[in-house]
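Novice: Go ahead and model the full structure; you've got the sequences and the hints to work with.
Protein sequences appear in the order of chains U and Y. Take 2 as the starting number for the first sequence in the numbering used here and just add one per residue. Take -13 as the starting number for the second sequence in the numbering used here and just add one per residue.
Treat the hints as calculated values from the structure; they're not laboratory data. Honestly, I wouldn't trust all of these hints.
Cβ pair distances, simulated, as ranges [claimed, not checked]: (1) D4/U / E52/Y: 51 to 59 Å; (2) G101/U / R142/Y: 37 to 45 Å; (3) G97/U / P330/Y: 23 to 31 Å; (4) Y120/U / A181/Y: 54 to 62 Å; (5) R(-2)/Y / L81/U: 53 to 61 Å; (6) T129/Y / Y120/U: 35 to 43 Å.
In this text, all values refer to a predicted model and were calculated from it rather than measured experimentally. For each residue, glycine too, the CB sits at the ideal point set by N, CA and C.
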Amino acid sequence: MDDLYRELILDHYQHPHNHGEIPDADISYEDSNPLCGDKIRIDLKLKNNVVEDVKFNGKGCAISQASASMLTDELIGKSLDEIKQLDKQFILDLLGIPLGPTRIKCALLPLKVIKAGVYGINAWPGEEEEE
Amino acid sequence: MTHSGLNVAAIREDFPILQQTVHGKPLVYLDSAATSQKPEAVIQVLDEYYRKFNANIHRGVYYLAEEATARYEGARKKIQKFINAKSHREVIYTRNATEALNLVAYAWGRANVQEGDEIVATVLEHHANIVPWQLLAKEKKATLKFIRADEHGLLRADDIETMITAQTRLVAATMASNVAGTLTPIKQIVARAHAIGAVCVVDAAQAVPHMPVDVQALDADFFAFSGHKMLGPFVGVLYGKRALLEKMEPFLGGGDMIREVHLEYSKWNELPWKFEAGTPAIAEAIGLGVAVDYLTALGMENVRAHERAITAYALDKIGAVEGIRILGPLDPDQRGGVVAFSIPEAHPHDVAQIFDREGICVRGGHHCAMPLHEYYGIAATTRASFYIYSIPEEVDKLVETLAKVRQIFKA
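Specialist: And the structure:
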């Protein structure tokens, strides 16, 4: 009935991929969306600067959790440099749903977390979702 | 709802925004705790001000400036009467209720709270009545403590007695919670604060729009509320007891708040203008005066009766939804017109989004009360809030849509 909540999104929300933690993660970062309190933490295990394993943990709305589930699926096998190239459009294409200005922040939270984690928060060039 | 004394059908005609459709559905506005809608009379007076009287106040000797000043000060007297303040000098216009609370923290708190003193707030507070006290406590090395609530969102009577001690200099408490809806025993809190010589700051942002208030009967020292939640434009108000305000240094410095300025020193203007630096929100203040007229004509007892009735109806209907959790007391006598809830299937953000498709405006999130949500172990809630124009049919629409949400999210 609702294109925003099509089956793929709901399936990732209710049965998220890569959900959990990596105790000896090489990179681990967490952030939240102050508007709604959505929280995402992503753990990465690397081998030669390539993602060998990834897990995410968090709570939040269907959009942010489905986005994390789909994004983490894409991360395995990618190098850190490749992760740095991921952008907003990449996430929007993954989700494939129209998003308003408020919900786009939900969708982009996981990307924000992974980029801040990969760059290191101080070296991170900027807010991905700002336009 | 006619037994409340409000003619809600006629009231709804006064609100142009309610006449429209959103996403092809009639607008159902259930977010008045965030900001209320504005009646035609308020919208018109803003228009009239800019067309006929726009000028800066307090300085000009020409017709426009005098008219603008008279209307701005006239609105202050209406507000004074509405909350039963002793003098118009005790009514200060601010940007919003948040600024009103910060004014107290800055101008009273910094001069009167010392290292080792205690500030006592409650777990029901909006961020606006927590963060200014955190900043003050940090600066002064004072301790910030919180009166707890029970599982029904009622403040614990024993905490009111034991948390407020001889070391307490300031007590900050809400009169009505913006999430749990709780009407707090504010008179008792003020009395307890006074018994040990502390001042009491009341956050009345969710109270003044919805029920009769009397700052003298309450004996509140400071009392903050916002015009935009009570049919008015975006302007806030701080009431303060004159004896306290007279002793305080200014909050912001600049034009209008001074009597004399020399290069080395200045003398402050008298109350209330000592606390109104710079050009204020003139049209908005005048608009608030008209909003006060509108509410006064309805009768605040009638407003409260109507909201109590629709809240009781909502508690019944929403409460009957399987698996739902409603925050706050379930007795409508103990709460204002705010119903925050959570359902196990869906996050409030998703609930609010699906509601939007049906033309229903509700809030999904923590409603600027993260500590309260943490306290109850919930990340966020969906909140419906009511006002004079809310009708039972809107509650029915909400409950129907809740069923749709559960249909979409059924695992």
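Novice: I'd like to know which numbered hints this structure contradicts. Please list them from smallest to largest.
Specialist: No hint contradicted; all consistent.
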